[in-house]
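Visitor: Listed here are the chains, written in short residue letters.
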Amino acid sequence: MGRLILLAAIALALATVPMLGNPFWVGLTMQVLVFGLLAVSVDFMIRQVGLFPLCNGAFFAVAAYTVAMLETGGWPTVAAVPAAIAAAALMGMAFGISVRTGGVYFILITLAFGQMALSVATSWTALTGGDNGITNIPYPAVAGVGPTDLSQMFFVVLALVGLMVLVYARIITSQFGLTLNGIRDAETRMVALGYRTVTRKYVAFVISSVFAGVAGVLYAYTNQFVSPAAASLLVSVEAGLMAILGGSGTVIGPFLGATVIMGIRNIVSAMVPGWPILMGLVFIAVVLFLPRGLVGLTGRIKRARP
Amino acid sequence: MTHSIALQFLNGLSLAALLFLLASGFTLTFGLARVVNMAHGAYYLIGGYLGLQVVVWTGSFSLGVVAGGLSVVAINFAVDRTLITRTKGDPLLQVLLTIGITYVIAETALLIWGGDPMRVPQPDWARGPVVLPGDVFYPRYRFLLIVLGLAVAALLWALYRLTPMGAIVRAGVDDREMTEALGVNITLLFTLVFALAAFLAGASGVLGGAFLTLYPHAEWDILILALVVVIIGGLGSIEGAMAGSLFVGLIDSFGRWLLPEAAGFMLFGPMAVLLLLRPQGLFGRAH
Amino acid sequence: QDDPIKIGVLLPLSGGLAASGEDALHGFELYWNQAGMEAGGRPIEIISADTSCNPDNAINAARRLAFNDEVDFLVGPLCGHEGPAVAQVSGDTGLPLLLVPAAADSQTKWDRVPTVVRTGFSSSQDSHPFGEFLYNDLGLRNVTFVGQDYTYGQEKTLGAVRTFEALGGKVDDIIWVPLSATDYGPVLASVPSGTEAVVPVVVGAHRNRFFETWFDFGYDRRFQLVGLNLLQADALKAVDDRAVGLISVAQNYSQGIDTPENKAFIDSFVEAYGEVPSYFAEMMFTTAKWAHQAIDAIDGDVSDRDAFLAAVREAEVVGPRGPVKLDEYDNPIQNTYISRVERVDHPKLGSVLMNVPVKTIENVSQFWTEDPEAFLARGPYQR
Amino acid sequence: MSAVLEVSGLTKRFGGLAAVDDVTFQVSPGEHCVLLGPNGAGKTTLFHLITGTFPATTGRIALFGRDVTTMGAAARCRLGVGRTFQISNVFPTLTPVQNVLLAMGGGHDGGWSLFRSGRGDRTTRDRAEALLERVGIAEAAHTETASLSYGARRQLELALALAGEPRAVFLDEPCAGLSPAERSRVVDIIEALPESITLVMVEHDMDVAFQVARRLVVMNRGRLIADGSPEAVRADATVQEVYLGAA
Amino acid sequence: MAPRDPILVVDDIHTYYGDSYVLQGISLAVQPEQVFAVLGRNGMGKTTLIRSILSLTPPARGTVRYQGRDLTGMPAYRIARLPIGLVPQGRRVFGSLTVRENLTLPQSALSGVTRKPRWTLERVYELFPGLSERARQMAGSLSGGEQSMLSISRALMRDPDLLVMDEPTEGLAPVIVREIEAIIKRLRAEGLPVLLVEQNYRLAMALADEVAILAGGKTVWTGTPAALQADDSARARWLGV
Ligand SMILES: Nc1ncnc2c1ncn2[C@@H]1O[C@H](COP(=O)(O)OP(=O)(O)OP(=O)(O)O)[C@@H](O)[C@H]1O
Ligand SMILES: Nc1ncnc2c1ncn2[C@@H]1O[C@H](COP(=O)(O)OP(=O)(O)OP(=O)(O)O)[C@@H](O)[C@H]1O
Ligand SMILES: [Mg+2]
Ligand SMILES: [Mg+2]
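Top to bottom, those sequences are chains A, B, C, D and E.
Counting with my numbering, you get residues 8 to 313 for the letters of the first sequence.
Counting with my numbering, you get residues 4 to 290 for the letters of the second sequence.
Counting with my numbering, you get residues 1361 to 1743 for the letters of the third sequence.
Counting with my numbering, you get residues 702 to 948 for the letters of the fourth sequence.
Counting with my numbering, you get residues 526 to 766 for the letters of the fifth sequence.
Where hints are given, some of them may not hold.
As the list claims (entries may be wrong) - Computed Cβ-Cβ distance ranges for the label pairs, DEER-style:
no. : chain 1 : residue 1 : chain 2 : residue 2 : range
1   : E       : 539       : D       : 908       : 30 to 38 Å
2   : A       : 155       : C       : 1673      : 29 to 37 Å
3   : A       : 271       : B       : 115       : 15 to 23 Å
4   : A       : 131       : B       : 158       : 52 to 60 Å
5   : D       : 831       : A       : 104       : 35 to 43 Å
6   : A       : 89        : C       : 1401      : 28 to 36 Å
7   : C       : 1683      : B       : 115       : 54 to 62 Å
Bear in mind the hints are in silico, worked out from the structure with no lab data behind them.
Built from N, CA and C at the ideal position, the CB exists for glycine as well.
Kindly generate the complete structure, drawing on both the sequences and the hints.
Guide: Below, the structure written as C-alpha cells:
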C-alpha cells in the first residue's frame, strides 16, 4: 500500500514536468521513462530468473522499427502498435531458445542474437533505411484522437509506463514470479518438484521481450525516428547497468538508474569534458558504497538515524 | 584456389593466436576466481598504448610488449585489491564495476593518445612478407605471432594440467575456502594468476596493435571476440580457449572470404548453434 | 543590438570519433577567432554539445541547445546517421541547421527538411567524378571495390561504381566489409586475381588497418591501389613513406590545394593547434565563413530565420576548399579534388606526409552531369 | 492392486562402471521399503533413475502402472513422486515457507498465474507452516534459507518431498546430519504417513532403518543381493559381511 | 599420566554471521592425545565453533590458542599449516579434480608442507581400498559415502598434528563407520589429538575422552563420556537420547 502511494506521488511529481514549459526537459524525462522501462525488462530476467540478457535492445529496436515502418507507411496506430509488440514477442519466441543455456553462456548467446539483429538493421538498407534509420514518425492517434504536442505525448508515455510498472510489480510478486525465483535458486530441485522449468524460463523471456517491445514502441513515438543505434549492444548493456545501478529487483531502481545514466549523458556531458570517465566513476562508486544500488541509499539513511 | 585456402588458413591462425593470448587470460580469471572481468578489453587497449609509447621511446618492440604487459599487471593489481575484492563474488556487481573501469581507462586513453588510429611499429626483423611455397606471400609478423601463440598455449597448458599449481587453482575454483583450509595461500596464488592474465592482456594489446591498430572502441571490439572465444571453448578451460580461438579465427577468415554478405551472422550464427547443442561450450563441464 | 548571436555546434566530443569532432570544432573556432568573434555587428557565442556519435544523444543535445541555450541556429552533426535526427529537431522547431559534415545523400535529395542547408558534401558527390577518373585518367578497365558496409560506405562506393560502369569499365567484385571487421587479411585475400586495381572505401580505424594489411601481404606487388576514401589527413599520421605516391582520397578538400586561402588556413591552423587540419576542420571553417557572410547580409538579425536561411542560400563563399554555392536542393556545388600522398616540407611541422591534388574537377554538383529529376527517380544507392 | 514401482533389468553405466547393474524389483502400494548397501553400491543412482534425474542405459521402469522409462523428472513428479536429495537441494534465497509453497504447487506444474500473489492464500500458507512445524523448523519459517544450519536444511529437504502430497516418496538418507533428537522426529513423521503412501528410503542409520522398514532391499556393486523382511535380511551372511560389519 | 598443557584452548569466543550472534561465549580445552567430542542438536553452533577455531569465520571476541600460540588474526591457510587437518561438514571434496589430485593437493609445495609426511597415498589407499579403485575418477561423481572417505583421507594427507572432524561419518555405511572408529582409535593411539563433532552418539561415546555439549551457542555441559552416560537429564535435555 505504502508503495502504491509512493508510486502515485512519483507519477504526480513527474506530471508537473511539462509545466516547466521546456521541451528539452520534457523530452529527456520521456526518454528516462522509456529507457527505464527497457531496464525493467532486463531486470526482470536478471533478478527474477537469474539470467542477464544482452538482446533486449533487439526487441526494443524491432518494435521501434515496426512502428516506424508501419506508421510512415500509412498504417493506423491501432494496427502498428499491436504489430510492433507482436514483432518483439515473436523475436522473443525465436531468441527464447537461449534459455536452454545459463549463466555467462546465456549472456553470450543473447549477445550473439542481438548482434545479428543489429547487422540486419545496418545492412538491410532497403527495409530499415540502414544507418540513417527512419525519420518523421507521426504521433500515435486512435480514431483521429491522439497527442498533438510534446507535453500531451508526455502524459501518454507517463500513463503507459505507469501502467506497465503496475503490471510488472504484480508479475514479480505473483505465483509465476515465485516459481521463477525457485528456478533461479535451484533449477534441478524445481524439476524434481514437477515444474517444467525450461518452459517457464521461456515464458519469462517472452514476457521480458514484450516489455522491451512496449518500451521500443514508446521510443519510436517519442523520438520520432529510429536508427540502428537503438539495437546496439550498448543499449542492452546500459539497460542492465541502469537496473543494477538503481537497484536490481526493485520497481523504482531501473528508473533511478536510467535517470542517472541519461542525466550524465545529456546534461553533465555538456559541462564536463571526458564525461564518460565520470560515468565510469559513478559505476565504481555504486559498487563500493551502494552495492544494492541507489535504492540502497534509503536503507542507509534509515539506518543512520538513531 | 589452394593458394587462397592456404592464405585464409594462415589468416585464421594469426587472428586465433592473438585471440588466444587475450582470451586465455580472461578464461583464467573467470575459470579460477569466478571474476567476470569486462575490463579485459580495456586492459588490451591501455597495454597497447603504453607499449606503443615504450616502443617509440626505446625503439625496441620486445621491450614494448613486456612493458605493455607489466603496466597492466600493475593496474590490475590495484584494481583487484581495491575494487574487485569489494564485489564479494557477486557477478552483477563485477559486471557493473568492470564496465565502469573500462569507461575510465578507455576515456583516459582517449584524452592522452587522442582518437586517431595508431599502429605499434613492427620491429624490423618482423617486417615484410615471407614467400611460401606456391608463391604465397604472408606477413612475417603474423607468422611469428602464430608461433608465439602456440608457444604460450603449450606453456599454459602444461602449467595448468601438468603442475600441481594447476590442480590447486582448479581446486580453488571448486571450493576456495577448503583449499585455504588445506594450507594453500589462495589469495597469493590468485594474485599470481591475475597477474599472468593481466600480463597476457597487456602484451596482446601491443602485439595486436601492431597489425590491427589501436583506436577508441577497440576495447569493445576485441572484448566481444574474446568472449566469443571463451564461451565457445568453455569457460575456465585452457584447451577451450585454444579451440575457441581457432574456431573464431578460422570462421572469421573463411567466412569473410566465402560469404562476405553474411558477415554479421558468420561469427555469431555458428556460435549460437553450437551453444544450443552444447550449452557448456566445447570443453566446458556441465554442472 | 549587442547581445550575442548564439551558435549551437553539435559534434562528437567523446567516444570513438572524439578526435574528428575536436578537429572540426577547432576549424570552427579558428574562423571565428580570426573574425574577431563578431558578425553583423553582434558578438558571436559558440555553444558546443557532445553527441558521442549517437542519434539519441544528438537529438537530446539539439533540443537542449534549442530550448535551454536558445541558440539562433545549429551547426553539425558529424556522423551520417545523426544527421536525420538533428534535422528532425530543426524541422520541428524551425531552427536553421547548417548540416555539416554529416554526408548522407538523402538529406539533400529525398528527405529534405526546409530549414536544413548542407554546407559540407553528400556522400556520393565526389565519387561520380572519381569513377570517371578511374576509367579515363588511369585507364583502368577491371577494378575491385572494397566498401564499408553501411550507408556512407554504400553511397560513396556505388556512386563511383555507377560512373565507372557507365563508361564501360568492369567491376570484378565489390567486397562489403562490416564496421565490426577487425582483420583485413581475409578481406584482401578475396580480391579476384584478374583485377587491375583495388579501390577501398573504408573509414575510421579501418583505413590504417587496410593500409597495413595491404603492404604486409605484399599486395602492392600484385595490384594497383587507388584510394577513394582511404588516407585523409588524420589517417596519414599513422602511416609511413610506403604511402607516398598513392591516390588517397577523392573529396571536396585536399590539404595541398595551391590557393592563398588554403595556405593561410593551413598555416594558421598549424599555428593554433600544432597539426595539419583534416577535412572536418576545413568544412567547419568554411561553414563559419558562410554563416558570417549570411549574418552580415541580414545585418545580424538572425531572429528572422527565413531571412537568415535565404541569405545562406544566396551566399557564394570562397573557402580553403575553393568556391562554393548551393544548388536548388541545398547541397553545395564545389570542386572535387583527387589527391595523392606526397612528402612535403612544412615550415612549422618539418617534413610531413600530405595530400596533394592530382586532379581538380570544378563545380561538381551532387547530381554530377545527370538531370536531378532522373537522379532522384532512380532512388538512393543501396546494395 | 498393481505395483507402485516396477523396475526390471535396469542398468546404468558410467563409462566402464555399471553403477546400477540389471536390477529388478517391485514395490507395492503402502509399502515401507528401506534400501541398504555399502557406499557406492548404486543406491542414489537407482533413485536418480527412478525419479528421472538421468536416463537409464537399459531396462524398464514403471510407476503407478505406467511405463515411465523415457519420461522426464518433472513429469514423473507430477504422477505423484516426491523425493529428497542426498545433498540438500533447497532454494537458498527464499524462506522455508516459500520453499514449501513451491513444493506444494509443483505436483501439478502449478503457479502459472501472473497476477495471483505468490504468497499463497491463507489456507495454503497455514498448511505450509504446519508442515514446517511437523519437520521441526517452524521457528525459522520466515528467515532466509541460506542462513539455516546444515541440519535444518536437511529437515527442509524432507518437507519439500512431502509438500506435494505425493503417492510415493523416495528419501535419500533423510537422517544424515541430523542429531538423534531430530532423527526420532523424522522417524515419527515417516511412521505417521498415511497408509496409502509408498515409501522407499536409503538410510545408513540402522536404528532408523529397522524402525521404519517393513521390507529391506540390499544392494552391492550395483546389484540386488538381498530382499526380504528386516529379520531375514539382518541374518543374511553376505549382508553382514559387506554392509553391517561383524558386530 | 602427568597433566600437560592442552594442545588447543578456546577461550570465551563470540562469533557472528553478519548480524546474527551465533557463538555466545564458548570455552574448551583439548589435551594432547585426546579425542574431544562436541555434541549438540542441529543448529547449535558446532560447525561455527570449528569455523571459528580455523579462522574461516574469525570470532569477534575471545582467543584460540594452539600449542601455546595465539591464532587471533592468523589467516586460515597459516593455521592449516600448523598443521591442522579438517574434515568439513558436507565433505566438500574438489569435484572437478580427480580423487588422486584431491589427495596430493595437501602435500604439494604450495600447501606449505615442511616435513616428510607420515601419510602417503599408499597408506591412505590401504585404509580405503575403494578410493584407489577410483583414483582417476572426478571426485564430484563419487557416491556420497565415497566422498566422505575422500574427505577424511584428504585431511590425513595434510599430515596433521590435530585433526578436526565435523560429522565425518555422515552418510557412511555401518561397516565403514566401524572402520572409521578403528582408524580414529589408532590415530589417537599414535598420539594424534582429534576434535570431533558427531551426531552418531554411540560412536562419539565409544571414542571420546572428553565431551562438550553445545546449545544455543553456549557450552552447556562438559565432562567424560561416563559422566554423560550417567546424566540422563542432560542427555535428554540437550541431545534427545
Ligand atoms: N552463513 C550463515 N549466516 C547466518 N547464519 C548462519 C550461517 N551459518 C549458520 N548460521 C546459523 O548459525 C547457527 C549455528 O549453525 P551451525 O552450522 O554452527 O550449527 P551446527 O551445530 O553445526 O548444526 P548442524 O548439526 O545442523 O550442522 C544456526 O542457527 C544457523 O542458522
Ligand atoms: N557421473 C558418474 N561418473 C562416474 N561414476 C559415477 C558417476 N556417478 C556415480 N558414479 C559411481 O557410481 C557408483 C554408485 O554411486 P551412488 O551414488 O549410486 O552410490 P550410493 O549407493 O548412493 O552410495 P552412498 O551410500 O555412498 O551414497 C559409485 O561408485 C560412484 O563413484
Ligand atoms: Mg548415495
Ligand atoms: Mg554443523
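Visitor: Kindly indicate which numbered hints from before are broken by the structure, ordering the numbers from low to high.
Guide: 4, 6, 7
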